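Peer 1: One-letter residues, chain by chain:
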Amino acid sequence: MELSLPGNLFRLLNDTGIKSLDQNPLRSLGIIILTALVLVAVFAPYLAPHDPKQTSIPYQSPSSEHLLGTNDLGQDVFSELIYGARVSLTIGFLSGIISIVIGVTVGIFAGYFRGWAEELLMGTTDVFLLIPSLPLMIILAAYLNPSMWNIIVVVGLLCWCSTARLVHSRVLQVREMQFIESTRALGYSDLYIIIRHVLVNTKDIIYAKFSLAVASAMLSEASLSFLGLGDPLNISWGEMIHFAFSRGGFANDMWWWYLPPGLMICVTLLAFIMLTIEGRKDSKILELI
Amino acid sequence: MSLLKIRGLSVTFDTLQGPFKAIEDIDLDVEELDTLAIVGESGCGKSVLGHATMRLLDDIAVVRGSVIYRGREVYAMSRKELLEMRGKAISLVPQSPSASFNPVIRIGKQITELIEKAGVAHGMEAEQRALTYLEYVGFSDPHAIFGSYPHRMSGGMCERALIAMSTSTEPDLIIADEPTKGLDALSRKNILDMLHRMTAESSLIMITHDLKAAAMCKRIAVMYSGEIIEIGPTRVVLEHPVHHYTRGLIDAQPSRGMRPIPGRHTICSHKSEGCRFRDRCDRVRTECGRHTLLREIEEGHMVRCHYA
Chain A
12 MELSLPGNLF RLLNDTGIKS LDQNPLRSLG IIILTALVLV AVFAPYLAPH
62 DPKQTSIPYQ SPSSEHLLGT NDLGQDVFSE LIYGARVSLT IGFLSGIISI
112 VIGVTVGIFA GYFRGWAEEL LMGTTDVFLL IPSLPLMIIL AAYLNPSMWN
162 IIVVVGLLCW CSTARLVHSR VLQVREMQFI ESTRALGYSD LYIIIRHVLV
212 NTKDIIYAKF SLAVASAMLS EASLSFLGLG DPLNISWGEM IHFAFSRGGF
262 ANDMWWWYLP PGLMICVTLL AFIMLTIEGR KDSKILELI
Chain B
11 MSLLKIRGLS VTFDTLQGPF KAIEDIDLDV EELDTLAIVG ESGCGKSVLG
61 HATMRLLDDI AVVRGSVIYR GREVYAMSRK ELLEMRGKAI SLVPQSPSAS
111 FNPVIRIGKQ ITELIEKAGV AHGMEAEQRA LTYLEYVGFS DPHAIFGSYP
161 HRMSGGMCER ALIAMSTSTE PDLIIADEPT KGLDALSRKN ILDMLHRMTA
211 ESSLIMITHD LKAAAMCKRI AVMYSGEIIE IGPTRVVLEH PVHHYTRGLI
261 DAQPSRGMRP IPGRHTICSH KSEGCRFRDR CDRVRTECGR HTLLREIEEG
311 HMVRCHYA
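Chains A and B supply the protein sequences, listed in that same order.
In the numbering used here, each residue carries its 1-based index in the first sequence increased by 11.
In the numbering used here, each residue carries its 1-based index in the second sequence increased by 10.
Calculated from the structure, these hints are not laboratory results.
Misleading hints may appear alongside valid ones.
What the hints assert, rightly or not - Sample of chain B residues with no beta-carbon within 10 Å of chain A, all distances over it, derived:
| hint | residue |
| --- | --- |
| 1 | Arg-74 |
| 2 | Arg-96 |
| 3 | Lys-98 |
| 4 | Pro-113 |
| 5 | Lys-127 |
| 6 | Arg-139 |
| 7 | Leu-248 |
| 8 | Ser-265 |
| 9 | His-275 |
Unchecked claim - Interface residues of chain A toward chain B, partial, derived using beta-carbon atoms under 7 Å:
| hint | residue |
| --- | --- |
| 10 | Ser-75 |
| 11 | Tyr-154 |
| 12 | Ser-193 |
| 13 | Ala-196 |
| 14 | Gly-198 |
| 15 | Ser-200 |
| 16 | Ile-206 |
| 17 | His-208 |
| 18 | Val-211 |
Please read these numbers as outputs of a predicted model, since none were measured by experiment.
All C-beta atoms, glycine included, are put in the ideal place defined by N, C-alpha and C.
Throw the hints in and build the complete structure from the sequences for me.
Peer 2: Written out as structure tokens, the structure reads:
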């Protein structure tokens, strides 16, 4: 029996499905892109050639001094882009976490306990699904102070519904499986069964949904920021496009100002979506359903 | 004091076609180190009886009657007491062994967790105990099984692992639900030998429709349409069956010429009056329309028939 630490570590990695990456090149590519982006965000102060707030000659086209030129205030767009990764990824991840935690909790409790809990929780989910979320986000963001944290909370609190529905339907399948009944017969408590048996067999869709939730949160944030509802102190990619738009970048065809943040948003979203691509044998439970 | 005493146990499911009584008025006693086989056709209520004994049907059915385990009423236990009893005092070996393990957790981990939950042992000691039991149920390489996922094992291996898991907490009573279902003759023999060894320390209720498997138990209870129609010492019941259904069941065995009982098993026990077997019985008379009780015809041998 491999009880030594390296053995256990290998098992842990094996259980998370990392071993199957060699059969899943797209997912590997997604992981590589995201790791690179996270590293860029973390080490932004070391990587950015200039302070993004520092001003110099405005409207410069790309040169060796300013790789992506400067904006209307003479700030270096490349440095702004690197620092923007911090803001965009932070908002994406934190909103994604909030929405996943709410969605998974609602889905699991509704699906496992059924009865009135299900009706209440899924009814609430339906109501939230009916609300057009982008207009509501705009209204909320406009009324609250324009801060990064408000955006995180607003996006997180409005994006959990589809996760709840998805998790709920999987839990409905899992709870009727023989091994759940056997586990109950062995005297395990409901909470234990939920955490150890139901959640474990739902984790593949939770991973996938988390990835998509982060992507959609980043997109929502970009939309809000583009509309000028972002945090002016923490410039995200969406806000860079907003400023490029409102201060004549589009009109004067300064592509280096608006194109890079747009591309970065696309690439990041694509990387998150690539993460969710299923390998051949990623989910053992799928074979049983 | 009996280990398990079941009195007047009835289970009613609420179906779209109205209430459906799966078992009715079951009385059973299981003593310490007793072994009892419950036999009958599919749908006669054997598994429901097993599940109701462990109070697993609370959420989905109406259960009446009482189940007394070591003097304590199971249906009056608190949630905590109930969870403690299940798996530790009474262990259920469920049907369909391959589906009874969580597919994403290794076998050894699942057994170890049960041992830890029951408080029998912890940490390395629990793992060691799991390995001992895997070896005990006949795995020559318990370490390999310990680290295997359930889908990598055959039905017979899963059944053995399941028995290892259910018995690793040393329960007083094992309820084995169709332990030999779908197994070849050799695996079946292995399982039965193993269960037999387990009964040195535990009582056993074996739910089965395999009379050969049932023959290893000390007593047999025959169920038909939700009722016990004959119960007694194995030899007596198998060699001198009194109820016509029991006879038919024995004659339907391949070794006895495989003569099936004419007619169909009425799954729904809507006929609460009279003998439920009367539509298929060749000795049926007018009296059979009246309700009968289990009557003791000799020491420990009880039959529910007007002609007994």
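Peer 1: It remains to establish, for every hint, whether it holds in the given structure.
Peer 2: Here is how each hint holds up against the structure:
1. Arg-74: holds (21 Å)
2. Arg-96: violated (3 Å)
3. Lys-98: violated (7 Å)
4. Pro-113: It is violated; Pro-113 of chain B is separated from chain A by about 5 Å at its closest Cβ, not greater than 10 Å.
5. Lys-127: violated (6 Å)
6. Arg-139: About 13 Å separates Arg-139 of chain B from the closest Cβ of chain A, which puts it past 10 Å; holds.
7. Leu-248: It holds; Leu-248 of chain B is separated from chain A by about 30 Å at its closest Cβ, greater than 10 Å.
8. Ser-265: At about 31 Å from chain A, Ser-265 of chain B clears the 10 Å cut-off, so the statement holds.
9. His-275: Fine: 24 Å to the nearest Cβ keeps His-275 of chain B off the interface.
10. Ser-75: Violated. Min distance 54 Å.
11. Tyr-154: violated (45 Å)
12. Ser-193: Since chain B brings a Cβ to about 4 Å from Ser-193 of chain A, closer than 7 Å, the hint holds.
13. Ala-196: Ala-196 of chain A check passes; min Cβ-Cβ to chain B is 4 Å, inside 7 Å.
14. Gly-198: OK, holds: Gly-198 of chain A within 7 Å of chain B, min 3 Å.
15. Ser-200: holds (6 Å)
16. Ile-206: Violated. Min distance 12 Å.
17. His-208: holds (5 Å)
18. Val-211: holds (5 Å)
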